[in-house]
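As they're listed, the protein sequences go chains U and S. In terms of this note's numbering, the first sequence is residues 1052 to 1434. In terms of this note's numbering, the second sequence is residues 1052 to 1434.
To be clear, the hints were calculated from the coordinates, so they are not data collected in a lab. Watch out, some of these pointers could steer you wrong.
Under 8 Å between C-beta atoms, here's a sample of chain U residues computed to sit facing chain S [as the list claims (entries may be wrong)]:
no., residue
1, Asp1205
2, Lys1219
3, Tyr1306
No residue lacks a Cβ here, since even glycine has one placed at the ideal position from N, Cα and C.
Protein chains: 2
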Amino acid sequence: MKIIVLGADGYLGWPTSMDLANKGHQVIAVDNYSRRNIAMQTSSEGLMHTPNLEERAKIFEEVSGKKIDVRIGDLKNYRFLENMVKTFKPDAIVHYAEQPSAPYSLKGYEEAHYTLKNNLEVTHNVIWAVLEHAPDCHLVKLGTMGEYGTPNIDIEEGWLNIEHNGRKGKFLFPRAAGSLYHTTKVLDTDLLWFYVRTFGLRVTDLMQGPVYGLSTTESDMDERLLPNFHYDDIFGTVVNRFLVQAVAGVPLTVYGKGGQIRGYLNLKDTLQCVDLALNNVADKGELRIFNQLTETFTVNELAENVQKAGAALGLNVEVKSIPNPRKEAEEHYYNPKYTGLMDLGLKPNLMTTEVLGEMLKIIIKYKGNIDNEKIFPRVKWNK
Amino acid sequence: MKIIVLGADGYLGWPTSMDLANKGHQVIAVDNYSRRNIAMQTSSEGLMHTPNLEERAKIFEEVSGKKIDVRIGDLKNYRFLENMVKTFKPDAIVHYAEQPSAPYSLKGYEEAHYTLKNNLEVTHNVIWAVLEHAPDCHLVKLGTMGEYGTPNIDIEEGWLNIEHNGRKGKFLFPRAAGSLYHTTKVLDTDLLWFYVRTFGLRVTDLMQGPVYGLSTTESDMDERLLPNFHYDDIFGTVVNRFLVQAVAGVPLTVYGKGGQIRGYLNLKDTLQCVDLALNNVADKGELRIFNQLTETFTVNELAENVQKAGAALGLNVEVKSIPNPRKEAEEHYYNPKYTGLMDLGLKPNLMTTEVLGEMLKIIIKYKGNIDNEKIFPRVKWNK
Chain U
1052 MKIIVLGADG YLGWPTSMDL ANKGHQVIAV DNYSRRNIAM QTSSEGLMHT PNLEERAKIF
1112 EEVSGKKIDV RIGDLKNYRF LENMVKTFKP DAIVHYAEQP SAPYSLKGYE EAHYTLKNNL
1172 EVTHNVIWAV LEHAPDCHLV KLGTMGEYGT PNIDIEEGWL NIEHNGRKGK FLFPRAAGSL
1232 YHTTKVLDTD LLWFYVRTFG LRVTDLMQGP VYGLSTTESD MDERLLPNFH YDDIFGTVVN
1292 RFLVQAVAGV PLTVYGKGGQ IRGYLNLKDT LQCVDLALNN VADKGELRIF NQLTETFTVN
1352 ELAENVQKAG AALGLNVEVK SIPNPRKEAE EHYYNPKYTG LMDLGLKPNL MTTEVLGEML
1412 KIIIKYKGNI DNEKIFPRVK WNK
Chain S
1052 MKIIVLGADG YLGWPTSMDL ANKGHQVIAV DNYSRRNIAM QTSSEGLMHT PNLEERAKIF
1112 EEVSGKKIDV RIGDLKNYRF LENMVKTFKP DAIVHYAEQP SAPYSLKGYE EAHYTLKNNL
1172 EVTHNVIWAV LEHAPDCHLV KLGTMGEYGT PNIDIEEGWL NIEHNGRKGK FLFPRAAGSL
1232 YHTTKVLDTD LLWFYVRTFG LRVTDLMQGP VYGLSTTESD MDERLLPNFH YDDIFGTVVN
1292 RFLVQAVAGV PLTVYGKGGQ IRGYLNLKDT LQCVDLALNN VADKGELRIF NQLTETFTVN
1352 ELAENVQKAG AALGLNVEVK SIPNPRKEAE EHYYNPKYTG LMDLGLKPNL MTTEVLGEML
1412 KIIIKYKGNI DNEKIFPRVK WNK
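Assemble the whole structure, with the sequences as input and the hints as a guide.
Below, the structure written as structure tokens:
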């Protein structure tokens, strides 16, 4: 397949680009280094230095013999994007190219404006490039489980059949996200659904839970191929942050009561899910939505998991509650369905003590790089 | 009250600005002439020449003795908007400042991009200006009934109680709009709801049906105060278009089967509704939604109404079906609730033969200005 990966320098974009190239697909990998710039500006660089995207592609080619065609440019520039789609005629586009930090999206006006503008304009440009130049192309878009928030009813996979006053209809499952970043993904879904039903696009929207992990088949070949690994308050997801705290010897910082339940998945399973989506193309005029997670935990349970994995390596891990910087329910109902990707063949890599232990071992190698200052919340929207 | 009207040069913005000033409120009227520019670029100017916003305010002051403070500028420029909000400290903002044409929003990439960017960035800037500089200000936002589309279930006023697998929740009523313009208003609603529930804003969102009418208390004082009246395919709403066709002696052009049902209201009722919303302030942290219409008709019924009103003035009005340029259901269930504004005291001005007759009489005076070329659809999205 000919595949364009947008946001290819990201935590998921880079492993995806390698995985697809390794499977024999022809891959164009696009990024504008937005995340690296924000990391620099907010002093939130990852745990280990990662080569830039062109360097990564070179190292990957040395190691695997497979080429990845890197393009550096801003997808808000429609001409840049449309020229690529017009000449390459991709079979699929994997779209990760969004500002993904919830705290950053609410830091202030400039950051909020950037997040809204970047995420919406890029998604809209991708839609138009496909409409105008590759109408049969399958768009695989990364959404987030965060779109749904924490409703008091079971979370179905994207859609909900509603009976009201004796009449029936099928609608997008209601969404109510907890940050502006997550809300931009709600807007993306609305936009995609409009264009899909009006112009017959093929779209798969993956509602993904927080991802953890470092190791993939490709990064195991050479440590320089590791994904960027953030443990800071801006880009770090909770499991990665806890693991770094465990290694640093500081208490795991649970936000508030720690009863927040979310659905998690291993980085390796993100790759499986994207691959399954690509190999099972959405129909013309279909917005296919999957909930992309493999298990659910409260934040307190995550902390316990990390404690256990730490203990197995002789680390004495403490847990501490700090005031919640976010506005979110700390005790709530949460029951998401996630059978769609399992039905396509997903084989979950669960969050075992061994899996967390392997991550801890890699982090221990980079212990000297840990900056404790970066771990604590610098943006609060729970006023 | 101190009130800022955004999009004050528009079909609704100008009558609203006059109405509020006439009622003794202190009004700042803001516009960037986006609609006039698009009208010029697409050769879609209104039936009668309308003075620019500063001239309009001068004429209004001569006639009424009341001042309107005009500011010309682009609300995508946050500094322009925030300075205004910071110094004026409005009690309320009435937000009409959006690109409102469905056909224009789907004319091509540039127009779609402009519509998305303009409408979302302006709404987001308004939210932030209120958050940062007037957190107690009541934002009265014009949405559209078009946000809901034509669902197979009764349309409640903005919200829906859902019972699913034995559990209950209250959610935004599901939305599925028929054009990109209407979809930008869906995105607005999602954005507003995020900021309202997270930061405690006060917002009233008015889901308005297509408006018809020319006459208001203020425009009746001087014809130069008439709102801009579009009968073209870009900005003209269906009733205004039919009335002009009746006067021009060309058949009323019904799109497709004409079974499309929508909720309509008289321009005078828009003014009443906005006034009622302003006088009944939403609570802090409340997104209050009203469906703003007074009666529903199929397009065929509208055509019959105009035929009758024409016949009473001796006009022989014919009706003709043309291929539908839009992608929409031409026969469908439609049952919107609209009691909220009635409960606040709305007294509807219904679409009687007399009301349409009065409009026809004004249009007849400007018959020489009618350009038949402008009436027929130039943008098609039903491919």
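Hint by hint, here is what the structure shows:
Proximity of aspartate 1205/U to chain S holds as hinted, the smallest CB-CB distance being about 5 Å (cut-off 8 Å). A distance limit of 8 Å between C-beta atoms decides the matter here; for lysine 1219/U the minimum to chain S is near 7 Å, and the interface restraint holds. The criterion of a C-beta within 8 Å of any C-beta in chain S is not met by tyrosine 1306/U, whose closest approach is roughly 16 Å, and the hint is violated.
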